[in-house]
Each structure stands twice: as C-alpha cells, then as structure tokens.
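Trainee: Each chain, letter by letter, is given below.
Protein chains: 2
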Amino acid sequence: MTTQPLSPTARSTVRRGRRRSVADRETLYSILDVGLVCQLSLVLDGSPVVLPTCYGRVADTLYLHGSTGAASLRALAGGAEACVAVTLLDGVVYARSVFHHSVNYRSAVIHGTPVLVEDPVTKLEGLRAVTERLAPGSWEHARSPTPRELAATAVLALDLTEAAVKVRAAPPGDDEEDVAAGSRWAGVLPLHQRWGDPEPCPLLPEGSEVPAHVRGRGGQPLG
Amino acid sequence: MTTQPLSPTARSTVRRGRRRSVADRETLYSILDVGLVCQLSLVLDGSPVVLPTCYGRVADTLYLHGSTGAASLRALAGGAEACVAVTLLDGVVYARSVFHHSVNYRSAVIHGTPVLVEDPVTKLEGLRAVTERLAPGSWEHARSPTPRELAATAVLALDLTEAAVKVRAAPPGDDEEDVAAGSRWAGVLPLHQRWGDPEPCPLLPEGSEVPAHVRGRGGQPLG
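Chains as they are written, first to last, in this note's numbering: chain A, 1 to 223; chain B, 224 to 446.
All the pointers check out, no bait thrown in.
Here are some chain B residues the structure puts well away from chain A; computed CB gaps all over 10 Å:
| id | residue |
| --- | --- |
| 1 | R248 |
| 2 | S253 |
| 3 | G302 |
| 4 | T345 |
Coverage of chain B stretches by chain A, computed from C-beta distances (three or more under 8 Å per stretch; other residues unrestricted):
| id | stretch |
| --- | --- |
| 5 | 272 to 283 |
| 6 | 308 to 315 |
| 7 | 318 to 325 |
| 8 | 416 to 428 |
Don't read these hints as lab results, they were simulated from the structure.
All of these numbers come straight from a predicted model, not from anything done at the bench.
Glycine included, each C-beta is placed from N, C-alpha and C at the ideal position.
Throw the hints in and build the complete structure from the sequences for me.
Mentor: Next comes the structure, spelled out in structure tokens:
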C-alpha cells in the first residue's frame with residue numbers, strides 16, 4: 001500500500017521540536033487507530049473552544065458525530081474550520097535538569113473544514129466507524145440506530161490531508177555537562193493504559209454472559 | 224475550605240448533557256491534579272489550533288509554559304484568548320443500542336485570556352507547578368533552570384474562574400424497551416492508567432539507584 005506523505009502547509013508544518021516530526025501517513029493512522037477520544041477545536045463567537053469527543057477513521061476520512069442541536073456541530077456543519085488532536089501519552093521523561101523534563105508521546109493534529117455528511121449510506125459508515133473505534137463489535141451486537149436517532153445525530157467528515165504528526169519515544173535529552181556530572185537520576189517512567197474487567201449493567205437479566213467482543217478486550221492493553 | 228461555584232457565563236455553561244455538569248470547584252481541581260497533559264486551543268491566523276501541552280495548577284491559576292519562540296505562546300502572550308481541556312477517560316459504556324454508547328470520563332474545559340508571567344518569583348512558581356504535576360519530586364532532585372533556560376521559556380497564567388466540568392461515571396442509559404428486551408449485553412469496560420517500571424537513562428553511571436520519588440510512583444495507578 002502506497003501512502004501520500006503528510007501535507008506540508010504552513011500550519012501543519014511542525015516548527016517546535018522538528019526532530020519529533022514524523023511525515024508518514026501510516027504513523028498518523030496508527031495513532032488515530034489507538035486513541036479513543038479526540039480534542040475538537042473550533043472558533044465559536046470569536047473565541048476558541050476545545051471539546052473532547054469520540055471519532056472514527058475510514059481510510060483518509062475522520063468521522064465526528066454529535067447532537068444536531070449542539071452549537072459546535074452546527075457551526076462546523078455551517079462551514080467553520082476545525083482542528084482535531086489525538087494525543088497518546090506514553091511516559092514521563094525525568095531529565096537531570098528541570099529544563100529537559102519532557103513526555104514521551106504520539107501526537108496527531110489535523111486541520112481542515114469538516115463537511116456535514118448527508119448521504120445516508122456514508123452517514124451510517126461514519127457512525128459505524130465512530131462506534132467501532134470506541135467499542136469494536138458493538139455495531140453488530142447492539143441495536144441499530146432508528147430513523148429518529150439518525151435524524152437527531154449529525155455526522156461530520158474531516159479529510160486527513162492536512163495533518164502534523166509528532167512522536168517522542170526516547171530517553172532524556174540532557175546537556176552534556178549534566179550527563180558528565182552523573183549526580184542526578186534520569187530516565188523514563190512509562191505510562192500504560194489497560195482495560196479492566198467488564199462491569200455488567202445491573203439491569204441485565206440474571207445469568208447474562210459477557211459477549212466475546214467485550215470479554216476479549218478486558219485486561220488487554222489499549223491499542 | 225470554602226470554594227466559589229464555577230462561573231455561569233454563557234460559554235462555560237454546559238448545554239449538551241446538562242445532567243453530567245458538575246458545578247463545584249473541588250471537582251475541577253481533582254481533574255486538573257490527576258491529568259498530565261492538557262489540550263490548549265487558540266485562534267492563529269484566523270484558524271483554530273489545538274496543541275497538547277503540559278500544565279500545572281496553583282490554587283486558582285493554571286500555568287502553561289513553552290518556548291518563547293513558539294507561535295502559539297507568542298500569540299497568547301500578546302493577549303489571544305485560550306480554551307484549555309483536560310480529559311480523563313475512565314471507560315467505554317457498552318449500551319444495548321448503538322445510539323446510547325458512550326464513555327465514562329472526567330472533563331474540565333477552561334476559558335480565558337492567559338497572562339504572560341513577568342515576575343521572576345511567580346515565573347519560578349509556575350515552572351515548579353508544571354514540573355511537579357508531571358514529575359513530583361523533580362523540582363528538588365533535578366538541576367534548577369539557569370538564567371539562560373529561564374529566558375528561553377515563557378510562562379503563562381490562566382485564571383480558573385471560567386470553567387465547565389463534566390463527569391460521567393454511570394452504567395449505560397438505555398431506552399426502557401431495550402432494557403426490557405434483555406437480549407443484548409450492556410455494561411462498562413473500565414480503562415485504567417498505571418505507571419510502569421522506571422527505565423533508567425543508558426548514560427547514567429553504573430550502579431545509579433532509582434530515587435524514591437520515581438521508584439515510589441512505578442507500578443502505581445495514575446492519580
């Protein structure tokens with residue numbers, strides 16, 4: 001599979017920490033396909049707003065969804081620009097100096113103007129992607145959306161063309177003199193995300209078994 | 224300790240999912256004091272931008288820092304508005320219907336205009352808060368910032384007055400008919416964050432011991 005390099009527009013060009021910049025599309029996909037929540041920012045009434053929300057990806061499209069009544073969704077459906085971040089925090093970097101303390105992370109930031117999805121087939125595809133990112137297997141297992149539920153839900157499609165990807169996965173980057181002094185500890189404390197055990201809804205019929213698509217995820221690391 | 228309720232301005236009033244809204248300041252603090260990375264959004268050249276970054280809190284002030292050369296920091300130092308989100312994802316809510324799938328989370332969203340910290344004492348206090356949020360104990364253990372490092376670092380203070388806090392920590396909220404049908408599984412799959420074992424820098428002198436402030440965090444849950 002060939003992929004296009006990420007877009008080199010002015011605003012998606014990494015300026016701070018250039019050496020952390022990653023220009024391949026596969027890394028972008030890999031971040032989006034592990035994250036569960038993105039941070040959606042837009043301008044509302046002249047002010048910046050950032051909102052955590054779920055998302056899904058199909059090829060080079062990021063899908064977002066929300067209530068048709070939400071001010072943010074309405075603004076975006078009306079053509080407002082968006083910026084979306086997905087951040088995976090992998091650890092804290094303890095350096096010998098306060099100045100070089102840092103974090104190990106995988107970060108994707110996408111710029112673009114989302115488009116309201118009107119085609120019913122594409123809308124279902126978008127909702128499926130959002131659902132399956134969050135809860136793989138749920139699209140088949142759970143009750144499908146009714147026409148009324150679909151009418152209350154807006155789906156937006158954001159093209160993944162313009163994106164900036166940064167990855168830090170390294171030991172501390174201390175100054176030579178601090179390394180030579182050898183008097184202070186430095187290293188990485190990794191941070192792991194792991195699924196716990198399923199907590200069945202108290203309203204389930206007695207004896208309900210946890211289905212395989214949930215049971216199989218329990219106890220596993222995220223990603 | 225008495226605390227002021229959170230600000231009820233139009234943009235910090237939770238409109239979607241009102242029942243998830245939490246109006247006490249202690250919950251805001253508890254979210255900020257567990258999170259490690261925030262999402263900082265602002266308007267740059269007319270477009271929304273969101274950037275993951277570290278932060279620290281002292282009383283009712285959130286401190287942010289960055290290179291004096293970063294475009295985002297320069298814009299904020301020049302008076303641009305910001306919106307900052309800290310999101311803790313606690314689990315995926317598997318509902319009986321696709322429509323009611325959700326996440327359990329703790330979310331803080333802060334609106335305001337950060338102020339560049341010029342006073343040297345306050346600047347150090349801000350940097351200390353950022354460092355200690357990320358790596359408790361490092362401010363004492365690691366080498367302190369030099370005048371040159373301080374000059375290269377901008378610190379911004381954001382007042383926590385105007386904030387919206389939402390918490391979901393509940394089983395699925397399915398429709399009655401779906402619950403009555405009893406044919407589909409529903410519940411919560413919790414997501415946990417935990418520190419791993421310290422990974423010492425390969426450049427440390429042989430026999431360097433992991434100090435207590437790092438060792439004690441290893442293996443512990445986040446928060």
